[in-house]
Each structure stands twice: as C-alpha cells, then as structure tokens.
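If you read the protein sequences in the order shown, they are chains A and B. Just so you know, the first sequence maps onto residues 1 to 620 in our numbering. Just so you know, the second sequence maps onto residues 1 to 157 in our numbering.
Hints listed in this document are in silico derivations from the structure and should not be mistaken for laboratory results. Remember, predicted model here, so these are calculated numbers, not experimental data. Among the clues, some could well be false.
[Stated by the list, open to error] Label-pair restraints from in silico Cβ distances: (1) Glu74/B - Asp512/A: 21 to 31 Å; (2) Arg11/B - Ala52/A: 45 to 55 Å; (3) Gly140/B - Pro568/A: 27 to 37 Å; (4) Leu118/B - Ala45/A: 28 to 38 Å; (5) Pro133/A - Gly140/B: 17 to 27 Å; (6) Arg11/B - Gln61/A: 16 to 26 Å; (7) Asp593/A - Pro104/B: 23 to 33 Å; (8) Asp106/B - Glu274/A: 46 to 56 Å; (9) Asn57/A - Arg11/B: 53 to 63 Å.
[What the hints assert, rightly or not] Some chain B residues flagged as far from chain A (calculated, every beta-carbon gap over 10 Å): (10) Thr6; (11) Glu9; (12) Glu41; (13) Thr69; (14) Pro71; (15) Pro72; (16) Ser81; (17) Asp91; (18) Arg92; (19) Ala96; (20) Ser109; (21) Glu110; (22) Gly112; (23) Gly123; (24) Thr142.
Backbone N, C-alpha and C define an ideal beta-carbon position, used for all residues, glycine too.
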Amino acid sequence: MNDRFTAIATEARDRWEAARASGREQVSLCLDTSSLARGGAETLAALQQAVAAKGLNVDIQTTGSWGFCWLEPTVSVRSAAGTRTVLYHSLTPDRVEEFVQSVLVEAGELPELALGVVEGAPSDQVGMLDDHPFMQGQIRRLMANCGQIDPENIDHYLANGGYEGFVKSLDMEPEAIIELMLESGLGGRGGAGFPAGRKWDFLRNATAEPRYLVCNADEGDPGAWVNRILMEGDPHLIIEGMLIAAMATNSVEGYIYIRHEYPLSIERMNVAVEQARERGLLGEDILGSGKTFDLVVFVGAGSYVCGEETGLINSIDGYRGMPRIRPPFPAQAGLWNLPTNVNNVETYANAPLVLRHGAAWWSGVSDDEAKGTKMFTISGAVNQPGCVEIPFGLSVRELLEKYGAGTPDGVPLKGYQPGGPLSGVLSAEEADLPLTLAPFRDRGLFLGSGGIVFFDETTSVVDLCTYFLGFAEDESCGRCTTCFQGTQRAVEILRRIGSGGGRESDLDKFEDLIQTMTWSNCLHGSFAMTTVKLALRYFREEFETLIREKRDPTRSLPGMITYEVTSPGDPALPEAAAICPTEAIVEAGSSYDIVDELCIRCGACAEVAPDAVTVRDRFV
Amino acid sequence: MAAEPTTRELRELVAEYEFERGHLLPALIEIQEHYGYVSREAIEVLARQLRTTPALIYGAVSFYADFRTEPPPEREISWCSGPACRLRGGDRIREALQRTLDLPLDGQSEDGAYGLRLGQCNGTCSEAPQVWVDGEVVGGLTVAGAVALAREVKGDA
C-alpha cells in the first residue's frame, strides 16, 4: 500500500470517527435536485434555525439521495451515542418544528414519517430500513454511500474505503487492470453494454500521445436521472473510476461532460475534483507515483446528441455537437484527434468496486449474463418515482410493482419505455421481460441507460410516438437528411393521424421511414423510428382505429376530441369560462356553450367543472 | 447582470480563452452568465479571441438550446418537456401556457417582461407535471393552475 495514501486515508478516517464520536446527534438531510424541488433548502434552513433557537447539541450535514425521490426531503438521525440511526421522509419545512420537538428534543421517534432503522435495533413502531418494501432486494453497491455521506467532504469518502481501488491499480500493470475489468464482465452502462475492458484496451493500444478520458454525464434521456443520483450523492466514486481507467490506459487528462440542467451535479463534481487535487489524488505525481492525471468538469449547453460519444467530443473540441462519421473511432482520434475513451458515469463508477473487491465478488451478484448491479430510475405512471440499484435480471413488472408500487389509481399498465426516446416502447405483455440486455436486443431495441418510463391505458400510443419523434426532430443535429427530414416527416404524419386525417397509406410510409432512417450516421437517426416501429408491432390496432374509424380509444388526443357542456346549470361553469385561455366558453342564455373553433382542448374547463363539461369523440 | 456589453468589457471577459483548447463552450457560458445572453458583438469579439470566424461561433450558439441571442425576460416560465410530465397532461399545459401568454416556446414578450421556455427533464419526475417559474419548481400542476400562473406572470391576474 502506498504510504502517502495510508497517511491521507488514516487522517480522513480519524476525522470521520471523531465527528461520529462527538457525543452529538447527527442529522443528515438529503439535499439533491429532487429534494430541492420539494423544499429541501427551506427544510435545511428551518432545521438549522430550530436547532440554534433551542440550543440543541446536534450536528447537521447534507447528503445525496437514498433513492426515495417521491418522499423527499429525507433525513436520517443518528443518536448521540451513535448506536441507532433512523431514516425519515417527507420532512417539508412545515413539519420541521414538530420533527425537531419529538425527535431531537424529546429524543423519541416519529413513526408516521419513519422509513426505517438504518443501524441499531428496530422498535415496535419502526422496522429496519432493509425490510422496507422499497429496499428489499436492492443491492446497494454504487449507491452504498448515497444518503450516508456528505458528498462535499472527501474525508467521508476516504473513511469508507474510498480511493483504495485506485491505489491498488497504481501498483498494477495496465494490462492487469484491463484483464481484471474483462474478468469482471463490466459492460458499458450507457446502453450498448460494450465491455469496458475492451474499450480501455483499444485506448491502451493506441499509438498517439497524449491520451484522454471522457466521462459522459450528459444524461439527456428524459426520465433518467441515474447519473445525477451518483454525481450528487457520491462524486468521488466517479473520479476514482476515471483514475483507474487512466492507470489502465496511460491517459493524462479527463473531462467530465455534465449537462447544464444539472447545476448541483456540476457544483458537487467541481468540489470533489478540487478536494481530490488538494489531497494529491489528482494532478502531477499522484501520491508520489510519478503518474499524472487531472480532471476538468465541462458543462454542456443543451443538446441531446452530445450524449453520443463523438458528438460529445466535438462539443468539447469547440464545435457544434454533431456526431462524427466513424471510423476513426475515439480510441484512434477523439479529443483534438488524439486517442480518447468515452464511458458513461455509471461505468466508471463500477471500476473502483471491481478493484476493491475483486472481479468474482463484483460479478457474483447474480447469475445473469449481464454482470454487476444496475441503477434504474422509474417514472411516469407509477406511484413511487424513484431510483433503485438491483442486479440485472429482475422483471420489468417486478420493478414496477415492487419499487414503483404499481400504476396510479389502479389503471392497467399499457406499456413502458425501457431507456430513452430512442429505445422504443414495449407493451404490457412484455412486462415480464427480465431487465437485462439480451431480450431487448432480440426485440430490436436496447435497454438504455436506466430511465424506465411506464404508461397506462389512459395514454394514446400515437401521442407517445408524436412526443418521442418530436423530441428526436428537435434534437437532430442536422447532418443526415434521413434523420432531420425523416423525423420531420414522421411527426407530420403522426400529427395528421392524431387529428383525424390519417390515411391507409400512412402505415406504409412509416415502413419506408423505418428503413431509410436506419441509414443515418449515428444512433440518433438510426434509432429514432424505434418507437414507431415497436408501436406498430404492439399497438397496430390503435393506429388502425384512428385511421379507419377516426376514433381515439383513449379519448386523449387533442385532435380527436371535443368538449361539450352537458350540465347547463352547473354552478362551476362561470369559473370554467373564466379559466379558459381562449375565451371559448361563452354565455348562451342561462348556460354556456363551448365554441369549438376557439377551443384548444387543454381541458382546463373540465378540471374546474368536471360534472358539467364532457369530452366527446370529435368525428364519431 | 450587466447591461449593454461594451467591446472592451467583452474583450477582458474572454481574454483567457484560447483556440482549440476546448474553450468555446466555457467562453460562451461565461458570456451568457455575465450578460444573460450572447450578443452579436460578443460573437465577433469571441471569434477574434479564438482566432476563428463569427460564423463558427454563431453555429455553436444556434446549435445549443441554452444560449440566448437576446436579453432574457424579467420573468420566465420554463415548461418541462419530459415524459412523466407529458403523461400527466404536460402537453395540454404547454398549449394553455402558449395561448395565455400568446407566445411560442422560447419566445418572449416584446417589452421583455415575460417569456416561455422549453425546459428539459432533470429527473424531478415526482413533481410531474411541472414548470419552473424563474428557476423555482412548481409541481403537481393542473392546466387550470398553469393558466392562472401564466396570467399572474403576465400581469393579468
């Protein structure tokens, strides 16, 4: 073991232990983007104020997320003796006073807000956190620190085994590191699952110098926030992973490319990089080893195709983020045309675990052909939008029911999107597929980066297609006619079908587009029609009903419905008329009429006067 | 936020940036953080600094959704375009916002008092459907709520 590192880690552990043995209660508030959206910053201020006002002997720190995103802000309380820690949820600012009084002042429990006991013994009213339905079956390896440590304090990371994997790699030959990665079976977590070890080996064998690493933190798939959870919860894990990759490939500099929509991730990664530099873990002559590697946090500016590795490289290089034509591949000509390796955040984050615990431990988590654990975020028609870490192989339905707590109001599941706008849609019949690479590949799509979006029977599949193709159209870089014109054409046809103008020949036009768009240069164009392709496979009837009967079975497409006043005397109607943004609801004698030409089908009136306004089919 | 950028100020602001060192985006982000937008003048100054053409700079400015070429409005509703929001009426909210404000997405009123922007999902999907008003999340929105919000931002309510 490296002496300098031993000294650094020992000091960090001493400070961590001293803080935990302070004899004060420790309150750890999750402050990530989801928590902030639910008032986390105000909760923190209210907590600090209450603790100061009452003169309590309490330390307050902030952490990343446990994954209970729908129950933020979450907060854990560790007893002064350090024998017991309880995690609570939904600590909104208005609940802080009651919380401080019963939990901190009276040293009791607040069972109605308790998620479970993290360490120590359960009580009659509060069980163990591991037994919480949302935690059962999860294996927290990548997320081991998330919610438990302060992501802005490198001591916390070091005290929990941090950078030990990197230090091991310092004494290894690059070939041996790569051999270990190959043995583990770690596949890229961005969606394709390409073996990380092989990708690193391409860079190791490159002829030119210097070499670069890029971490793709441009998590642009709407509905995915796996990378954000890691960056906001345990940023050093990513830095350590990149350091290991640097040792395996003799790279000198790395870029972490983060989308600008993630300001807190940017801030925390910057803080972490700075702290790692201060401890001599980044920069020149790292830990006296003679090795040099440094990191730059690079901020994107709003472009989905920059998530494609060569688009991302162009973006850093100082050009429009247009994906390049390959070959040459990044391992030959990446950043500034020099050898470069691009991996996803979650891919790098796994490397320290492989180094610390060995390939057998890492891959032994399940029998699935895809090795290791995978983080998933679940959203859409679910009761519990959150983030989980599980071994590959769990079924989609289990993910929905066990962790998402099913669909809201018991509306049956209609289908799901496994991972991003290019990954397509599958129907509920396919909900028994195991979450691993092969079954999705066999169906002509890919599992994606981990953002799973569920939709229920109230959703029109044509609306979904219009949405995802519209997204692909907006985000097309403009290089390939097949892509930028193809997506436009697809959206035009979908809109026409969705407003009663569908033609029999439209379905053949889709087949044409499905074929021609695969000739686009990058995945963006060649996969953009996946949604339509699969929608036609699983939901063809819905298209046919729209085209032949001019009827939308979900009665949700704006172009297929009208609103009508059906209960003339309803007292809510004046309010409905007042909220209408287009003044389409006009007085007619003693009641109201909806002027169809003015109505934009926004449904505001039906929300305000649900008993008076009825949605009808427009053409039937 | 500074008012009208002067050439001299702009030159000082971008003086540290170099050509082909991955500096284009950081320079543009710094300009926008400072002035709120990237002006025509800024594009020309930056082109000289990076020893490239204004066309290349403008190409990047127009490519990335985050860059603005006019000063931002005083108040802004950013509409979340993510799927979880879409599944809960997000598109009807967009339609209602556009009509109430009489603006397209990424448009703003002539006097610069208010604007509407297309926002991207940041994974706070438990709040769906949501918008950001001047950067603050307003979640669990109804269409009627969105209309009321837009009227308030517009100064009609």
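> For this structure, which hints from the list above don't hold up?
Replying inline: Hints 1, 6, 8, 16, 17, 18, 19, 23 and 24 are the ones this structure does not satisfy, whereas the remaining hints hold.
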